[in-house]
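Dock chain X against the given chain S, drawing on the hints supplied.
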Amino acid sequence: MEMAYFIETIIKIVVVLLIFSALAGIGTYFERKVLAFMQRRLGPVNVGPFGLLQVAADGIKLFTKEDIVPTNVVSRVFKIAPVITAATAFMAAAAIPFLPSFTLFGYEVHPIVADINIGILYILGIMGVGLYGPLLAGMASANKFSLLSAARGAAVFISYEVITGLSILAPIMMVGSLSLIDFNQYQSSGITSWIVWSQPVAFVLFWIAAFAETGRTPFHLIANDHEIIDGFGTEYSGMRWGLFFIGEYANMFFISFVISILFLGGYGDGSFLGALGLLGKVAFFFFFFLWTRAAWPDVRPDQLMWLCWKVLMPIAVLNILITAIVMM
Amino acid sequence: MFEAIAFYLFAFLTITMFYIAVTTSQALYALSSLAAGMIFISAFFFILGADFLGAVQIVVYSGAVMALYAFGMMFFDTTRDVKEKQGNKAIILGLSILSAILIVVIVSAPIVGNNIEAFYPMTEGAGNVQEVGMVLFTKYLVPFEVAAVMLLVAMVAGIVLAGKKMDLSLTLMTEAEILMMKEEDKNKKALS
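If you're matching them up, the sequences are chains S and X in order. Residue numbers are given in our numbering: position 199 of the first sequence equals residue 199, and the series is strictly consecutive. Every position in the second sequence, counted from 1, becomes a number in our numbering once 1000 is added.
Treat the hints with caution; some may be incorrect.
Said to hold, decoys possible - Which bits of chain X does chain S cover? Going by a derived footprint, with three or more residues having C-beta under 8 Å, they are:
no.: 1; region: 1027–1037
no.: 2; region: 1059–1071
no.: 3; region: 1127–1133
no.: 4; region: 1168–1178
Keep in mind the hints are simulated off the structure, nothing from the lab. Glycine residues also receive a C-beta, built at the ideal position from the N, C-alpha and C atoms.
Bound conformation, chain S alone (with noise of 0.2 Å):
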């Protein structure tokens, strides 16, 4: 029983592994053509049919390209700054339910790898750890734009943990449970029963927040654009490099299953129906990440502070406030 349990978890972990690293790559050429198409440009068009193999033609570029380790920087610790990145990225994936449960040759299969019963907590702790990633890359790359990067990332990610933690409450209260599949069955009667309807602030405030977890665009601060330098990554070459662009592209899907999950009824009542539903609501959201990246400037660090601390917050606390005052 014991080994079943164990085979039947690496086989998972394997699989979305597998899954997901590949998304990362596929996520970049629908990022290119998405943007192309937004800016009126071509996109990736030379490589196969419609510039599909370009995602391939990247990887071999990135396998093997040689890895440079500069001569000052603190070398251990920059060698492992990428790992963290795209190995936090998919621990966070662990407690998220990718599909209702189905059967597969007479074997129920639970397409998630661990249901611990505290999964959103551990999501939103995982992904927290996530950002050392950034921080120790700019730390130990011997380089003042990488380290500007990494204070600014360091900034923006512990800001916005506040307004995601803090979001996120509301809603628990109302479920009573912090596991993502019991998220999933107090919405699984229906689209009325989304939580995004009792929770409408809770919802934009936690999607804010995942722009800003992510990394993305209006507060893609951790790369400086302004000073023209790719900020923490600089000194990176190759699969390390890599390795930071496999993590976010991951967490950017991640993020998209856990709002899907959360606020919009995930897979519903876990017919076939239900899970393709919560597939488009996830590409749905991933098609979000790239069109703010095509529709919006990135804002300036202090307008990012004041938006976090002075506006975001207040309001997360009076949500709070009222849906616990509501409940009672």
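Coordinates of chain X only, in the frame set by chain S:
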């Protein structure tokens, strides 16, 4: 079997990490291994079935060590070794071993002496979070509230100490006003 493997693995990792944190003279190594050690400790909570405490351990300590990194960034060039003043090594070694043994004895003496049993046995059907909540809001309500008040005091104090020009916003000021403010600051420094 898996529990035993996990326990020994994480025990080894935790001790190694804290050993590095103590012995290295490189600030970045020390901070990173401290953070790693703190996160590995959460594995013990997970092994014991205290999922909630494990996750809280990760959330709290990863944030706390982050603040240490900020200090490291401010005070050191973290890519260089720190020259430490070291006194008599024998005394340091002796004292630290003595205090370690003392802590183990102090903590384990009541366990051995009284055969401690859990005051609040697990409630059937209640999850980890509910268990913690029940104990926290019945038996330990007063310490919990006192801790909350203390945190509030610390927060207010922090805002007062840090927020000298909180009513001003560089975003909303014009260039001329910012220049005027800088001039005033210079004059104040010259006077004092």
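Please name the hints from earlier in the document that this structure breaks, with their numbers sorted from lowest to highest. Of the numbered hints given earlier, the structure breaks none, since each of them holds.
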